[in-house]
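**Student:** Next come the chains, spelled out residue by residue.
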Amino acid sequence: MLFASFCSVFRFHRLDSASKILSLLICCGFVNEIAAYFLAKMYHTNIALYTIYSFIEFALLCLYFNKVIDVFKKKDIGLYIAFIGISLGIVNTVYIQHLNTLNSYYLLLESLLVIGMSLFAFFRMLLKHDSLNLYKYPHFWFISAILFFWNITFLSWGVYNYIYQKLGKSAQGINITLMVVSIATYCCFAIVFLLYPKMKSANE
Amino acid sequence: MNDQYIIPLFVAGSLLLTLFTFFLIAYLLVQKNKQNAYQVEKHKMIFDHEKNILKAKIEEQENTMDQISKELHDNIKSVLGFAQMTMYNIAALATNAEQADLIDKTNGIIGDVIENLHNISHSLNSNFIRNIGLIDSIEKELAHVRLSKKMNCSIEVIGDPIALNPETEIHIFRIAQEVIQNCVKHANATTLNFTLEYTAARFVMKISDNGNGFDKNKIFAMKGLGFLNMFQRARYVGGTFEVDSTPAEGSTHTLTLNLEGNGTNNKSSDSR
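Protein sequence lines correspond, in order, to chains Z and R.
Numbers 27 to 230, taken from this note's numbering, label the letters of the first sequence in order.
Numbers -3 to 268, taken from this note's numbering, label the letters of the second sequence in order.
Be aware that a few hints might be false.
Lysine-lysine pairs mimicking DSSO-like chemistry, simulated, CA-CA at most 30 Å apart [unchecked claim]:
id	chain 1	residue 1	chain 2	residue 2
1	Z	154	R	38
2	R	30	Z	99
3	R	66	R	47
4	Z	224	R	30
5	R	40	Z	162
6	R	40	Z	224
A few chain Z positions that, by computed beta-carbon distances, are all more than 12 Å from chain R [claimed, not checked]:
id	residue
7	61
8	75
9	125
10	221
Hint data in this document are derived by calculation from the structure and do not stem from the laboratory.
Even glycine gets a Cβ: it sits at the ideal position worked out from N, Cα and C.
Produce the entire structure from the sequences given, and follow the hints as far as they go.
**Tutor:** Set out below in structure tokens:
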């Protein structure tokens, strides 16, 4: 995460607005992880922080897709999705999964929406009749990484609470899987940010 | 559901989604590549088709001009020569100085017409342009304009002239001719400057005048086909043609030909 944040900040002035949002998301994620670490040390819980961060994360992801998908950009659909998603998340936090429990239902919904937006972004890329070189299109790889992360973690959020309640510490495998997937995703982001100028010039 | 089934189900589900992600990405890459290849092929076909049409059109124009040139040279010029000879005979029969003077003047006019026809016939004839080369052809054309229209015309050659493909030189000359024609007919210019710049990478022909100028955004709305012809010829030889003009401030026409990577098409040892 530190590596991805560093790469994104290093390339920040050369990024387009959508990539800048993604860079902001990675940096926010990094700051959140540090804060979560200290909260866990001091108060032995950081779930509330993760819950609040999940809203910020979803809002930034929606903003990112709003910039990348042409149809979303025209009608600001991304902003509506963000509004609906976060509203449902707040309802979930207030009435179902409070701040002291992991908001897995909201994360499940977030996964669904992010996967949906990613697939729609791919669909739009395929529909575009210009000679877009996907190998050298940064947003293709960004969205691939996002899709990879949310697809793999999708089931985790659905069964996270259940598995932890039933299996306890023997369910540590989920955490390890999530960590490995996170590392792979952030490495992908970092590489794309590093190669960003080359990729951009190839598609101009 | 038994707890023992949850973990395998969870792992299988996650693996399935991972596989789905990878296949989707791979499919997208392959499909987009295919789409791009198809687009390239389609554009190439359209480009080739347009180029063929353009080629036929330009060839037809050249043939017509050659025929007119031949007709002017072989038929009208010889008839006028015969008329001039007859006038000389009549001059010998003149009974007074006034008659002789009038016949002399008429002879002079016929002589001028023959001279003009000679020049027009040469400038229309592509073989003649091929033989004498681009720079000499333009110089000849400018000399004619200088003489007949009393216009200040100059030509400056920068760099070592590179022998371009004779066909390319004809197209460049036709563009130059069209600009000269526009300048003479519509611009009311008193000065016309040509700059031919040769470098290893490119050839640039810049033509500027001090005439009336025009709104460059309306060139395709104009009635004549002159500009369209110039742009088409420039495209045909793989160059770019730019027009810069402001009303009452003259105009500049620039033809740029990229010679790098296009050498076999544009460079030829047998021209000029």
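**Student:** Which hints, by number, does the structure contradict?
**Tutor:** none
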